[in-house]
Structures are given as structure tokens and as C-alpha cells.
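Asker: Residue strings, one per chain:
Protein chains: 2
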Amino acid sequence: MDRLIEAIEAAQNPSVVGLDPTPALVPPQVVDSFAEEVADQVEDPRELRATQLSVAYFAFNCAIIDAVADIVPAVKPQIAMYEALGPAGVDVYTMTCEYAQQQGLYVLGDIKRGDIGSTAAAYAAHLAGVAGGEEPFDAWHEDAVTVNPYLGSDGIVPFTDAAKAADKDLFALVRTSNPSSVQLQELELADGRRVYEHVAALVEEWGADSIGRFGYSRVGAVVGATHPDEGRALRGAMPHTFFLVPGYGAQGGTAQSVAGMFDRNGSGAIVNSSRGIIGAWLRSERWDDSMEASEALELVAQCAREAALDMRDQLRVAIP
Amino acid sequence: MDRLIEAIEAAQNPSVVGLDPTPALVPPQVVDSFAEEVADQVEDPRELRATQLSVAYFAFNCAIIDAVADIVPAVKPQIAMYEALGPAGVDVYTMTCEYAQQQGLYVLGDIKRGDIGSTAAAYAAHLAGVAGGEEPFDAWHEDAVTVNPYLGSDGIVPFTDAAKAADKDLFALVRTSNPSSVQLQELELADGRRVYEHVAALVEEWGADSIGRFGYSRVGAVVGATHPDEGRALRGAMPHTFFLVPGYGAQGGTAQSVAGMFDRNGSGAIVNSSRGIIGAWLRSERWDDSMEASEALELVAQCAREAALDMRDQLRVAIP
Numbered sequence: 001m002d003r004l005i006e007a008i009e010a011a012q013n014p015s016v017v018g019l020d021p022t023p024a025l026v027p028p029q030v031v032d033s034f035a036e037e038v039a040d041q042v043e044d045p046r047e048l049r050a051t052q053l054s055v056a057y058f059a060f061n062c063a064i065i066d067a068v069a070d071i072v073p074a075v076k077p078q079i080a081m082y083e084a085l086g087p088a089g090v091d092v093y094t095m096t097c098e099y100a101q102q103q104g105l106y107v108l109g110d111i112k113r114g115d116i117g118s119t120a121a122a123y124a125a126h127l128a129g130v131a132g133g134e135e136p137f138d139a140w141h142e143d144a145v146t147v148n149p150y151l152g153s154d155g156i157v158p159f160t161d162a163a164k165a166a167d168k169d170l171f172a173l174v175r176t177s178n179p180s181s182v183q184l185q186e187l188e189l190a191d192g193r194r195v196y197e198h199v200a201a202l203v204e205e206w207g208a209d210s211i212g213r214f215g216y217s218r219v220g221a222v223v224g225a226t227h228p229d230e231g232r233a234l235r236g237a238m239p240h241t242f243f244l245v246p247g248y249g250a251q252g253g254t255a256q257s258v259a260g261m262f263d264r265n266g267s268g269a270i271v272n273s274s275r276g277i278i279g280a281w282l283r284s285e286r287w288d289d290s291m292e293a294s295e296a297l298e299l300v301a302q303c304a305r306e307a308a309l310d311m312r313d314q315l316r317v318a319i320p
Numbered sequence: 001m002d003r004l005i006e007a008i009e010a011a012q013n014p015s016v017v018g019l020d021p022t023p024a025l026v027p028p029q030v031v032d033s034f035a036e037e038v039a040d041q042v043e044d045p046r047e048l049r050a051t052q053l054s055v056a057y058f059a060f061n062c063a064i065i066d067a068v069a070d071i072v073p074a075v076k077p078q079i080a081m082y083e084a085l086g087p088a089g090v091d092v093y094t095m096t097c098e099y100a101q102q103q104g105l106y107v108l109g110d111i112k113r114g115d116i117g118s119t120a121a122a123y124a125a126h127l128a129g130v131a132g133g134e135e136p137f138d139a140w141h142e143d144a145v146t147v148n149p150y151l152g153s154d155g156i157v158p159f160t161d162a163a164k165a166a167d168k169d170l171f172a173l174v175r176t177s178n179p180s181s182v183q184l185q186e187l188e189l190a191d192g193r194r195v196y197e198h199v200a201a202l203v204e205e206w207g208a209d210s211i212g213r214f215g216y217s218r219v220g221a222v223v224g225a226t227h228p229d230e231g232r233a234l235r236g237a238m239p240h241t242f243f244l245v246p247g248y249g250a251q252g253g254t255a256q257s258v259a260g261m262f263d264r265n266g267s268g269a270i271v272n273s274s275r276g277i278i279g280a281w282l283r284s285e286r287w288d289d290s291m292e293a294s295e296a297l298e299l300v301a302q303c304a305r306e307a308a309l310d311m312r313d314q315l316r317v318a319i320p
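As given, the protein sequences belong to chains S and E, one line each in that order.
Its first residue numbered 1, the first sequence is counted upward by one per residue in the UniProt record's numbering.
Its first residue numbered 1, the second sequence is counted upward by one per residue in the UniProt record's numbering.
Here chain S stands alone, though its shape is the one from the complex (with noise of 0.2 Å):
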């Protein structure tokens, strides 16, 4: 986690931007401006619409990287956005995390995999990166991804050992953000223990043998803004794990809520906000309908900043 708490110090600012393009989220304008480029290049005409929108997320990505990269120390792209897109999408979602590497940026890929061990170990190239030639090939540009613990270590352990091959991190779900997560995750077992409280101690073993100069881990933790209570007794709980807390801003997260979730130093957690950054352009009173594809991703670059700088602000304010 080292180089992450790194980029973090250096941009004092403990908040990372989630990239999770919607089609309702990028201008229309935008999004229509590529439909000549992209009815050349697509043979299957009812591909027209996931290329077309695939392309638009490409270029309302890399204007939100440009106008946060030199305040924010990561960016959090949620593949699951790409994926609705088909493999159009996907080649999106990877030209996205090499761009933001290439500006520097720490990426969190959001992909939330759990497999047992052979297939664990294969979804694990995302931070392996593909065998073979001289040196392994990295397909995805990925400096940490998500993962789901629900299978056991069998599922964990083949993402730690790429983690420590490749200088890279993970981070477990514990305790989500939404309002089903309690469902399973606070369930009561026998021992009196919460499940994801019993999630939370495998996380702290899990992370046991790659603690790195800062006191963390490799295997963080997700936990969500939505619940400051149990945050601040996990940040208690596992001192060797560092948290990606999601839920801030849209979800309802306020910087008071996730202040718990970080250590005395003012480190230990990074906070994420998705739709509240790169979605601020819509409650912008410079919108116009009748702007310019260039000067609509122009609105949002400069929307996103503002929010961005805001989200930092706030955080600095809050945070121990």
C-alpha cells in the first residue's frame, strides 16, 4: 500500500474519483459527436450505440483525468460501467486505466472478482498481467483491483501473491455501503461476532506477511461511508488494514462520517466519490443545451475540479 499512501501525502488529499461513466452521465452533445467516426468502424449496425457510447466515455474520462490528476492522487474506475458496453466497453475501461497511470495517477480498478483457486488465480493476472514474453504484459493498468472474500483465502490468495510480484494491492469487501449489505454482512454468528466483523479479522491475517513501511498492508479493506459506527470500530479492529471507503457524496457519506475510518496520523483510509465529481456538470447554472461537444466536456472538466478541490477541502477539514 505504500506507493498509494505515497501519492496521497504528496497530494495531501486522501480522495480518489470514481470513474463511472453512465450514459446519462456525458453530455448528449458529446456522445453524438462521435457518430460518423463510429459508423465507419462498426460493422453490426446494432453495435452502433455501445461503440458510439464506449468512445464517448473514452474522452469524458481523460477530461476528468486532465482537470483532476495534479489534486486528486487516484481514480477508481468501476468496470462493471464498461462491461454494460459489451467488449467495446472494455477496451474503454483498459485505455482508461492506462491514461490515468500515464498521468501519474494511482488506478483502483473496481472489479470486485471471487473465484476459487485456479480461477482466482487467473482473474489474479489483472495484477500479474499476462506470462509468456520476457516479462509479464500488462493487459489492464491496474495498480489495485476489489475482491470479494466471499469464497475463502483459496479465492484471496493468488491476488496477495500477485500484489507482492507486482508492487500492487487489493481490497476485500467487508462492509458495503448499500442498504442490503446487511442482509448477510451483519449477520450474528454463534460467537457473538458480526459476519463482516469475522470478514474484517480474515482481512487483518490475509494481510499479515506484506506489511509495508506505513504500518498497512496489502489487502486493504472496503468499507462503506454509510456506516461511521462500524467503520470507526473496524479502523480500531484491523490497525494493519488500510480502507477504501465508498459512499460519500450521492450515497450520502459526509466527511463527518468517514473521519472515523482514519488513523490519529490522518491516514489509514482514501475516500471515493463517483457520481458527485464526474457528474457535478449537471447541477452546473453555466449548462447550456446548445453548447459544443468540446465546450460541454469543457462544463465538466471544470465541475469536476471544483468538486474535486471541494471534496478535498471538506476531508482536510474533517480528518484528524
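FYI, nobody ran anything at the bench for these hints, they're computed from the structure.
With the C-beta cut set under 8 Å, the calculated list includes, among others, these residues of chain S facing chain E:
(1) Ala122
(2) Leu173
(3) Asn178
Cβ atoms here follow ideal geometry from the backbone N, Cα and C, with glycine treated the same way.
Since the structure of chain S is provided, determine the placement of chain E on it from the hints.
Answerer: Just chain E now, with coordinates in the frame of chain S:
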């Protein structure tokens, strides 16, 4: 689940072939045979190996699909094996799914996705297709997908909605076949049940409003062949839930250990074998290192067909 059950009935064979290629499972001369073709296509020489393997996986999969299409009802490509090669692999995953559907097979995409509401909705495009044209564009060509229940119903409802709209199905992880599945799935709850039993009850609930004409809902469950006693008990506790049973063959499951997961009519489950079928050529006495690529693929196909017939016949004897 009606389409799958009909396909099983037609083939009189409740087994599914796992299309999980790895570099070790594809004969080396098949991979080599694509060297020139790929060298012309790839811009960055570091991508060569991944692209060459991707093309080889597709040829390998097509050979197997052609060899088994008349004896099995379904195939189950494991997307991790394709993601391990980056976007080129993901392309081949969708091409494999499309080819299998064209040959009349039900395609069960083993993607184990799971995320919160809005993100799960994006993943559900695997079933729903890409909106925006005259009708949704099916970019993935899957008839069903596997999903992870750790996030609760928020992560499931988008898939059940999509399944109903598109006449497709999903399978939620309940009791996986791997050894460390005990670390979370077998935890004892305060009410005396195990975590997986609680998840089993959720799965029955999630499927309650999509029960088809054979009595099974659109929400199936993944129950590993390596847990015969729990599988038998779950069969009783989940009367409307169709089972996908992995772990047959290479992982130790036998026709006897899966028999209890079927209902009294010999329906209610489909058993997966991957390496036991697609890697059957590795155990063949007819193998010869000096074979041409086309001969090697022919042997892969023959051995896969023999192994699939053998599995079918063993299941027919063991199942009520």
C-alpha cells in the same frame, strides 16, 4: 429456468461442459499455428502472447463445441480464463458464447459478478443487453450468469429483473466447491444455521416470483459437488431452486456425490466438468508431440466427446 430444463430433457443429459482454457490445456502446436497471423495484427510486440493465446482459445473452444453440441445441453465458459489475457481474451469469451449459442447450446456465463444497486444494474447488461437501439443489443451472448450474494438483494434484483425481461436465468453462489469456502460459508450463526443456509433461504426468496412451468425459478444456486451431504440437505430446503454443481471430476466430485442434488424426477440440477472434458486429450495414448495443429485439435475434440459421453452415462446410472 425452463429453457435450460428443456435442453437437458432433450439431451437426456444434466451436464455442462466448462470452457475454461488455460495455456496448459491448449496443445502447443495449436498456439504456435497462429504465430504469423497474430504478428501481422498486433501493434505492440508485448501483446503477442496474449493475442496468440486468445486466437488459439477460440479455435480450441470451437473444436470442443462442435464435438459435444449434440450430446450436452449447455456450456459454461469461465470468464476469468479469458480476462487473464486482457481485452483480447474478453473478445474471445463473447465470440465463444456466440458460437455456442449458434450451435444450439445454452450458455452459462460463469462471471460471479456482485455489486451494489446501480453498479449491479450495469453488470445486469450481461443479460439485458445494451439499451438504446431499436431493441437491446446482446453484446455478451449469455443465457445465464453466476452472481455473488455477499452484497445482499441490492446486488441481485437488477439481475432478476433482467432475467425476467430477457427470458434468461442467474445462479447465486451458495456453497462453493473449494476447501476454504468453510471460512465464511460454514460459519455458525446465532440462530444455529450456517451462513450458506441463510443464503440458501435468500435465494429461494429471490426466485419466488419467477417460478417456471417445471417448478424451478429463474434464480438458481451454485452448490459444489464436493459437499454431497450439504447438497442433499439443500435440495430439500430449496424446492424451487435449480442447482449448478461444479467440482465434478478434477476437484473430486463423482456421479454418486452429486446424485442427492437432483429431485425425485431426476431433474433440479446440472453438473459441470471442465478439465475432465476439455483436458481429456492430455490423458490420451493417441497423443503425439509431432502432431500437426489440425490433428491435435481433432484429438482434443475426440477426447472431449468421449469424456462427455462417459460423464453422461455415469450420471444416468447414478441419478434417480
